[in-house]
Amino acid sequence: MGAVLADLRPVHVVGIGLHRYQQASDTTFVTLGLTAVRAALADARVEWPAVEAAYTGTALLGFAVGPTMLRYLGTTGIPMVQVENASASGSTAFRVACIDVASGTSDVAIAIGVDKPDIPHLTSIKTGVRDLAVSRMTPVAHFALLAAEYMHRHRVTPEQLALVAVKNHRNGSLNPFAHRQKERTLDDVLGEPALAGVLTRLQCCPIGEGAAAVVVASDSAIDRLGMDRTRSVHVLSSVLNSEHLCSGAANWDAELTRDTSRRALAEAGVTARDLDVIEVHDAFSIEEPLYLEAMGACKEGEAAALLSDGAWDIGGRCAVSPSGGLLSMGHPIGPTGVGQVAEVTRQLRGEAAARQQPGARTGLAHMVGLGAVCAVHVLQRDE
Amino acid sequence: MTEPAGSRASVAAEPTLYDADGAAVPTLHGRHCTVCGHTFFPPQDYGCESCGAAPEHLAAEDLPGIGTLVASAMVLRHPRAPFTIGTVLLDSGPAARAVIETPEGPVPNGARVHSVLVPAEAHAGVETVELHFASEEA
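Sequence order for the protein chains is A and B.
Using this note's numbering, the first residue of the first sequence is number 1180, and each one after it goes up by one.
Using this note's numbering, the first residue of the second sequence is number 5, and each one after it goes up by one.
It should be emphasised that the hints constitute simulated quantities derived from the structure, not laboratory data.
Be careful, since some hints might not be right.
Computed footprint of chain A on chain B, listed as stretches where at least three residues anywhere in the stretch have a Cβ under 8 Å from a Cβ of chain A [claimed, not checked]:
id, stretch
1, 48-54
2, 59-68
3, 97-111
4, 122-132
Every residue gets a Cβ at the ideal spot worked out from N, C-alpha and C, and that includes glycine.
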């Protein structure tokens, strides 16, 4: 076993920036990406030439996104790498940027996520491995099956599940970078026909376009470049796992999250109950209770009841997806994981305004991606 | 692949996954690993996902089309909607995702189910059949 992040030199988030997530438009990916990068640099109060490496998370755009986009900041000759890891592309770009700085290879690095909607080239179809219902097994059908199994096992109602969407749209309505910025009632969520099982449109994330960027730096860079240490956030751990084989009908989505978050929390030296903020991969409403329980934020089968009690609200025991999550902030693929880190950072700085979780000190960002892969990062306010 | 000799003119939509030979409960074509014993479906000949054994250690294993419905959901947004999709835990171990026949309404979680061949389309007198699952009660 090699080193973990905590064994290396400390790495801090020093700047965050976003382009709003939105429906596909004529805006080029260059404009989306540069908007986020310039905002992140301004937030960090560093100039582009201070950045020593750039990692761009994108899944749909094609070859060479980083150099094609970042040249307009002034070419500096730095290493640029494109990171593709399905829905976890942005989270993985962030991880690589953190490892780059923590290892000492770079003093300042940037993780960028940028994408525009396109038809994904799914490699699973190219394997030649056939299955019974592969053309009918859409993502929403998959999660409708997980919802049916979960609701049956824990006696959870469709209304309780729909409350995930109500909470996350309420949070997203307060987020100027969110794709969906409209508050929704339970009637709104349940008043539309289901796409599959109990999952209605507002319980499924919108996939649009957008960008997010995060600048990470070492202690020496913070001192050397005169960055504001009171606004830096320490990256305590970074764990990226791919799936283990699960037997029979075991829920491999939940098991992968269980393994990954257990390691990330242990490496960070905190427990799930210490978390003030969690950004969850809630592409579908059912994922929030499944993953909160798998992380150990509550006991198995209790997440839905705790949601009804307000435990996961901003101001509750732990704010879950205060950004609005994938359901409301949106899931433009490449940007999503970077945007989660931006939200956790904003919360831990105490700069989230109307979305602020009071006293937030420790936060976690969680993404899963096709494959399956899972990335979990734990961050803590620098004291 | 061609239709099985002696059958009526029906062919499996996915002949690598099951036969269309008229059996009352169609068998699924799985594999098992001769090194670690892992049994799996759908079949593939790349290597064992459990222990990594090479293709020569993967052997064909016919899996009876009998199992328990773990969960099901009606899909309403799809070119072929509406239909019900389900997770079936086969008695032989693997889980399969397949269309669930629901002539008498939803099949409850935990119900015993078995495989059935359902006509999908017909061209020039040749009928293509898909493997679905149906409740043993039906």
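- Item | Structure versus earlier hints, numbers of those that do not hold, lowest first | 2 and 4
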